[in-house]
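> Chains as they are written, first to last, in the working numbering: chain A, 1 to 360; chain B, 1 to 161.
Derived from the structure by calculation, the hints contain no laboratory data.
Don't be surprised by glycine CBs; every beta carbon is placed ideally from N, CA and C.
Incorrect hints may have been included.
[What the hints assert, rightly or not] Examples of chain B residues toward chain A, derived with CB under 10 Å: (1) G29; (2) V76; (3) T78; (4) L101; (5) S105.
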Amino acid sequence: MFTPREISSIQQSYFAALAEVDSAVNDIAQGSFAYTIARANAAVVASQDIALRDLSNSAYLSRARGSQLDEWAATFRLKRAGASPSTGYVLAISNDKELVFLPSDTILTDLKTGVQVRMDRTGTVEVNDYTEVVIPVRTVRLGSTTRLPAGTELFSPRYPSVAFTVGYTRSVSGEYCGSLEGGTDTESDGDFRRRISDALTTAGSSSETRLKILLEENELVNRAYVNTKVAGIVEIWVDSLNILTQSQLLELEAYINPYTAAGTIVSIGSLQRKYVDVGVFVRPFASADLDRLSDQLASTIKYLFNSLTIGETFSPLVIQSSLAPLARDVRVISPTSEVVPQPYELVSYRAIDLTFSTQS
Amino acid sequence: MTYQRRFTSRSFTRRVEARPEDRLPSITGADAIMEHQGDLVVSPEGDIAITTGSDLIIKGLIRRLGTPPSGYRRYVQTANGLQRLDSSYADELYDYLSSPLTKMSAAQMRAALRKAADLDGRVSIIDVQASKYEYASSRITLTITYRVKSSSELSTLNLTV
Numbered sequence: 001m002f003t004p005r006e007i008s009s010i011q012q013s014y015f016a017a018l019a020e021v022d023s024a025v026n027d028i029a030q031g032s033f034a035y036t037i038a039r040a041n042a043a044v045v046a047s048q049d050i051a052l053r054d055l056s057n058s059a060y061l062s063r064a065r066g067s068q069l070d071e072w073a074a075t076f077r078l079k080r081a082g083a084s085p086s087t088g089y090v091l092a093i094s095n096d097k098e099l100v101f102l103p104s105d106t107i108l109t110d111l112k113t114g115v116q117v118r119m120d121r122t123g124t125v126e127v128n129d130y131t132e133v134v135i136p137v138r139t140v141r142l143g144s145t146t147r148l149p150a151g152t153e154l155f156s157p158r159y160p161s162v163a164f165t166v167g168y169t170r171s172v173s174g175e176y177c178g179s180l181e182g183g184t185d186t187e188s189d190g191d192f193r194r195r196i197s198d199a200l201t202t203a204g205s206s207s208e209t210r211l212k213i214l215l216e217e218n219e220l221v222n223r224a225y226v227n228t229k230v231a232g233i234v235e236i237w238v239d240s241l242n243i244l245t246q247s248q249l250l251e252l253e254a255y256i257n258p259y260t261a262a263g264t265i266v267s268i269g270s271l272q273r274k275y276v277d278v279g280v281f282v283r284p285f286a287s288a289d290l291d292r293l294s295d296q297l298a299s300t301i302k303y304l305f306n307s308l309t310i311g312e313t314f315s316p317l318v319i320q321s322s323l324a325p326l327a328r329d330v331r332v333i334s335p336t337s338e339v340v341p342q343p344y345e346l347v348s349y350r351a352i353d354l355t356f357s358t359q360s
Numbered sequence: 001m002t003y004q005r006r007f008t009s010r011s012f013t014r015r016v017e018a019r020p021e022d023r024l025p026s027i028t029g030a031d032a033i034m035e036h037q038g039d040l041v042v043s044p045e046g047d048i049a050i051t052t053g054s055d056l057i058i059k060g061l062i063r064r065l066g067t068p069p070s071g072y073r074r075y076v077q078t079a080n081g082l083q084r085l086d087s088s089y090a091d092e093l094y095d096y097l098s099s100p101l102t103k104m105s106a107a108q109m110r111a112a113l114r115k116a117a118d119l120d121g122r123v124s125i126i127d128v129q130a131s132k133y134e135y136a137s138s139r140i141t142l143t144i145t146y147r148v149k150s151s152s153e154l155s156t157l158n159l160t161v
């Protein structure tokens, strides 16, 4: 979990960096040149820290928020429930002898709460003075605050002679029945997160993706590789910062047990690495910046290793072909042949040695 | 980068010269010299002019006293919400500039000036005096007597409002 730094802490880092380079300007009192620059720098870094925290949180279901959570849910084909209007009926009766014709776009307002409803039907509605007409309506705005109890009086400035009341009928004692209901708010992050979690724990939950996500949520696990060898037997290899003890592995087994289908046998083991030393001889282009080139080459090699999955064979030809466009000549000195790991091993690099020759 | 000491304010007078060792950057650090308008000063060698020692402290005090409330304050968005920074770095004396002066003004201004000056931990404020309000010129003169802690150098600073 990434925790954004305090402004003062960022400023102190800046001052320390100034001291390291023996800056000629090193007065750090409030109001000084260095202090003012450090404060401006800290403001920028603080905003980047917030972005980093959000990025870090987005990797975990338990901490993802807003659109990040929506992306999580999309993995399981779930969507956040949107807000909805309240719906129901209004009874209308005219106080005048003459007939009133209400067009379909008539809007009625509750003067106490400000909630407005629109007629939910096409064509005009004929209102007379001797019987109440039932009109279906829905609220203009969305959300739970649009719900109105039966008997709420509504008003239309265009038709002041018509009495509108929420309800679809009256009881024998004359009370209105039928509220405006159903208005809901957009599903909150908390509710949505619970629903995603429920989806993870219900039927069919032994799928490889779900188990992998659950395990990588656990603080003991850095990466998890889940493989269903045969139906009913799931083999899991976990990678962590430290080698996990037997009791920690049992703890993980208990952790995912509720999420596996009944009768499934789960085997969890610590992933082991098969290390190789990488050596590459490089003849750069004449105009190449060697510092930059070596960074580029190293990061490409690291990427190739990070893309490997457990038990996957690593071929030096992949390095050769990936690095070839970056220099005049590239030769992989080590490894000299394919690296074939055991099924429970992941091929990783121990060291990357780049040798440059600028002689033609 | 070369060092240069230079006085840019005409409003203070020095009574005791600091000893050379008190002016070492190791005591106070070094800062670029800024004019009142915020411009940097260029040394004859073409570098940014630098001030150190007691000069730096005196310039720092003058800069603080020349900063109106909210003049240096900044708002920064942090993980805990909007944070206000450096709101104490200001001289409340400025609040009186746009108000009519009264007989009480001199005492109030003196207190405001003392409060601002006391916030600079590198100097000890010995005394703050305010002249009587002159109706004819609508002016009050304030005098701060202070000591630079690192050098025990005694100085006075006159401000006319």
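> Hints numbered earlier in the text: which of these fail when held up against the supplied structure?
4, 5
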